[in-house]
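Residue numbers (my numbering), protein chains in the order written: chain A, 1 to 254; chain B, 255 to 654.
Note that these hints are calculated values from the structure, not bench results.
Computed from a prediction, not measured in an experiment: that's the story for all the values here.
Every residue gets a Cβ at the ideal spot worked out from N, C-alpha and C, and that includes glycine.
Take every hint as true, because none was put in to throw you off.
One-sided and incomplete, this derived list gives chain A residues near chain B with beta-carbon spacing under 10 Å: (1) V104; (2) N108; (3) A137; (4) C153; (5) M160; (6) M161; (7) V171; (8) G187.
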Amino acid sequence: MTINIENEKKDAMTTTVESSRRNFIFGSVAAAGLTVAPGMMLYQTANARSLSEKATSKVRWGMLVDTTKDVDWNKCVDACNTEHGLGNESKSRNDQKTQYIRVVDVKNKGTGYSMSLPVMCQHCEKPPCVDVCPTGASMKRPDGIVLVDRHRCIGCRYCMMACPYKARSFVHEVLSDQKENTPRGKGCVESCNMCVNRIDNGQEPACVEASDGAIVFGDLNNPESAISKILAKHGGKQIRADLKLNPGVHYQGI
Amino acid sequence: MKKLHFLEVEGNTKGFFTFLGLFGLISLIGILAAYYMEHNGHWVTGMNNQIIWGTPHVFAIFLIVAASGALNVASISSVFAKTAYKPLARLSGILAISLLSGGLVVLLLDLGRPDRLIVAMTQFNFVSIFTWNILLYTGFMGIVGVYLWTMMDRPYNKLTKKAGMAAFIWRLVLTTGTGSIFGFLIAREAYDSALLAPMFIIMSFSFGLAFFLLFLMGSYKYTQRDLGDYIVNRLKNLLGVFVAAVLYFVLVYHLTNLYSADHRGITQFILTNGGIYTFLFWVVQIVLGSLVPLFLLYSPMGKNRTMIGLASGLIILGGMAQLYVIIIGGQAYPMTLFPGMEVSSSFFDGVVASYAPSLPEVLLGLGGVGVTLLLMTVAIAALKFLPASLADEVADPHAK
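Let's have the full structure, built from the sequences with the hints guiding it.
Pasting the structure below:
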């Protein structure tokens, strides 16, 4: 499969720059970000917002993972760990440590075909973790990002029971040296938040940046976004689509 | 039939303080175990990101399920107007409240952030079955409290039937809610069954009555009050029916799961190749916890109090095993990410998760039982819950 993601990205970037110029005139934060951080990969600013604005349901952030590309997915895992300060548990056993993304190896016993793919929170449109959370700590932003309010989480772990993708981890010990953008507390549940801190700053998620173009990030609601165009042209699949949760993470080659 | 007379248990005795001290100590150890787990974090337990709910949940759910079942005796008396059970209705009500309290203590102390209880009590997501349960549990305490009041305060006796009806309906909804905590998890094959809710109700009948019978016989023995065969035989025969009913539900649950191809994996896991879970299912739940008690209760041995006590104890043990298999076995079996494919990852995809209960978890769970018994010890000494005598001439409505 040959998908010219780079071109799509350039297209998106052109739109970004033009749109950001317009925003700059009005003094928007997004434009300032572009100016002070040259080279930063901006997403489709047709729907970008300043930090003072609330997230809106006009946007639905999503990701498209192309599993047919020859990419070392562990680079995405490493980028995620660095971004969120993961892997600093000193006492937890391996099965107790947090993983936001994991590389899953899939093999068809019948045909022998095998592949690998990164699996993270799938940011479902109808997330079971949000339904079951008694306090509303597990929540979905209007722009489709599913995340945990760590000030509200009581650590009941019902969301972990409900998640069909096993995307969530429980913090089993006291943690120090945390990243400013990703506060992590003992006794709370956590998971991939699509790098909400980066998205709100006009950046792409860390795994996307580290994926050598194999993961495309963008607005699923905008038919002009790179991700929507690829999905419209080449299609994509969702893991356990039969559960009808409509995840925001799509895959090609699964 | 002699007049029924309720009397507090004498509080100022060596026996009373011995039990108070014993159950207080068990509760204290449980609370200390919880403190140890909370202080360090859950890494000191056997739980992990695969087995999310461990031994404390087995104890907590057992106690909560048994709580609603313990109320049955009162319901049979008030709602179904069986006068034979009337002397036991008060005990049934207070035992229900105590069991629920013990279970909730365990559930609360196993939270990652038990200090945030106030959040759980003020911030509600009404879509969550957990939220319903929080309301159902607190409501249960209140309704059974009022029910007890109508039974124990003579001017309000006329309201007993209505309060009893309300409590009966509430307890059915409550156990449906507890069963639904699991029943609505679409992703997990073991739980994806509407049968779980009714099965939990019938389990509650059995576990609750077994606990009730043990407490009744124990308290009458140690307070040297008369407990006649009439009441014991009725209760043990009823218990046998409940045990058989649970067996029936277990059979139907596994048969339906075997019939649908996408649930066959988990069923085969539990029934044939699940290691400890298969052992617990067949040996502890089915043989020791169901078949042996049925034999003990209905054979000539069933006339012996020790054997009835043994049967009740075994039913409780089997019930714990059943919940262990449902809760922990259900989590241990890998979730299907890609149907029909073999999967593996650093996050233990595609493999049976390992779990060994840690000492603090077991102590916390036992602490919940301790809290239940501590509350009961205080309650029967403080208020008139126990009839002074349940000898046949008092308890048997047909006695001359």
